[in-house]
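Student: Given chain A's structure and the hints, the job is docking chain B onto it.
Protein chains in written order, with our numbering: chain A, 1 to 136; chain B, 1 to 117.
Bear in mind the hints are in silico, worked out from the structure with no lab data behind them. Ideal Cβ placement from N, Cα and C applies to all residues, glycine included. Don't take every hint at face value.
[Unchecked claim] In silico EDC-like cross-links for lysine to aspartate or glutamate, where the CA-CA straight-line distance does not exceed 16 Å:
#1 A:Lys31 with A:Asp80
#2 B:Lys2 with B:Glu84
#3 B:Lys2 with A:Asp80
#4 B:Lys2 with A:Asp95
#5 B:Lys2 with B:Glu109
#6 A:Lys31 with A:Asp95
[Stated by the list, open to error] Heads up, incomplete: computed chain A residues facing chain B, CB under 10 Å, no partners named:
#7 Leu15
#8 Gln19
#9 Arg91
#10 Trp121
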Amino acid sequence: MFLLVTSMNFAIALLAGPQDPAARSALEFAKAVLSSGHQISRLFFYRDAVHLASQLGVQPQDESDIAAEWRQFIAEHQLDAVVCIAAALRRGVLDAAEAKRWSRPVANTATPWTLSGLGQWVDALQSADRAVTFGT
Amino acid sequence: MKSLLIISRHPPARQPAREALDVALAAAAFGVPCGILFMDDGVFQLMKGQDAAQIGQKSLAANLQALPLFGVEDILVCQHSLGERGLQASQCLLDAQVVNNAEIATLLEHYDQIVTL
Numbered sequence: 001m002f003l004l005v006t007s008m009n010f011a012i013a014l015l016a017g018p019q020d021p022a023a024r025s026a027l028e029f030a031k032a033v034l035s036s037g038h039q040i041s042r043l044f045f046y047r048d049a050v051h052l053a054s055q056l057g058v059q060p061q062d063e064s065d066i067a068a069e070w071r072q073f074i075a076e077h078q079l080d081a082v083v084c085i086a087a088a089l090r091r092g093v094l095d096a097a098e099a100k101r102w103s104r105p106v107a108n109t110a111t112p113w114t115l116s117g118l119g120q121w122v123d124a125l126q127s128a129d130r131a132v133t134f135g136t
Numbered sequence: 001m002k003s004l005l006i007i008s009r010h011p012p013a014r015q016p017a018r019e020a021l022d023v024a025l026a027a028a029a030f031g032v033p034c035g036i037l038f039m040d041d042g043v044f045q046l047m048k049g050q051d052a053a054q055i056g057q058k059s060l061a062a063n064l065q066a067l068p069l070f071g072v073e074d075i076l077v078c079q080h081s082l083g084e085r086g087l088q089a090s091q092c093l094l095d096a097q098v099v100n101n102a103e104i105a106t107l108l109e110h111y112d113q114i115v116t117l
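Same shape as in the complex, but just chain A (with noise of 0.2 Å):
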């Protein structure tokens, strides 16, 4: 059978944080999703790549802020980007809410992101017509 695919719908996992270069080609290939007239149905961020959600880290003037691009690139597209919350929670990234539940003094992600758990990857990854994953 021969199916004509003119649009597909793409899971993008990250596992590698701001540090590796991973999290720029990850960027890089979900904006040519974008422009190539494919649809992201998904982001899901694992491992240290929790770290992107961090709202708390400050790069040199004259340096690239990977977390900074990875949230304008959510926030314009509004895309589900779902971050591991056990990842999270071991990493230092909370939430508001997750703050509060372990009685930490501050709170550093926020929206664009979304804690959640990882039957949200699953989930993408079973619906998604192409899942692919950077960083290792």
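Tutor: Frame of chain A, contents of chain B only:
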């Protein structure tokens, strides 16, 4: 349901080892036909007789033993990775199926999706 193969490549003392097991267990809990292949330093996760408490860590054994209980269908270990490290399948905690490179190539065809962690 699309089937999913997790390839777990990290040694047991590193956080990604536990996080790869978590993905396999989560997928199996959602009813996804799922397998896990231990390769590279990931084969060390399977070795019997480890005492994680000696380095202030929690043992992976409970999570590993949960794999068959959660319905992770294929538990596989790379023959080449074992051999490179002077290890034998008989030293494995789980009854893992030893697969050679040709069989791994077949696995990649068999599963709908592969995630390397």
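Student: Taking the hints in turn, state whether each one holds.
Tutor: To see whether the hints hold, each was checked on the structure:
1. Of the pairs offered as hints, the one joining Lys31 of chain A and Asp80 of chain A holds, with about 14 Å between alpha carbons and a cut-off of 16 Å not exceeded.
2. For the given pair, Lys2 of chain B sits about 33 Å from Glu84 of chain B by alpha-carbon distance, which is inconsistent with the 16 Å threshold.
3. Distance hint between Lys2 of chain B and Asp80 of chain A is unfulfilled; the C-alpha atoms sit about 21 Å from each other, more than 16 Å.
4. At most 16 Å may separate the alpha-carbon atoms for a hinted pair to count; Lys2 of chain B and Asp95 of chain A exceed this at roughly 32 Å.
5. Of the supplied pair hints, the one linking Lys2 of chain B and Glu109 of chain B holds, its CA atoms being roughly 13 Å apart against a limit of 16 Å.
6. At most 16 Å may separate the alpha-carbon atoms for a hinted pair to count; Lys31 of chain A and Asp95 of chain A exceed this at roughly 26 Å.
7. Interface restraint check for Leu15 of chain A: the shortest CB-CB distance to chain B comes to about 7 Å, inside 10 Å, so the restraint holds.
8. For Gln19 of chain A, the interface hint is violated, the least distance from its beta-carbon to any beta-carbon of chain B being 15 Å, above 10 Å.
9. Restraint check, Arg91 of chain A versus chain B: the minimum CB separation of about 9 Å is within 10 Å; hint holds.
10. Of the supplied interface hints, the one on Trp121 of chain A holds, with its beta-carbon coming within about 7 Å of a beta-carbon of chain B, less than 10 Å.
Consistency with the previously given hints fails for numbers 2, 3, 4, 6 and 8, ordered from lowest to highest.
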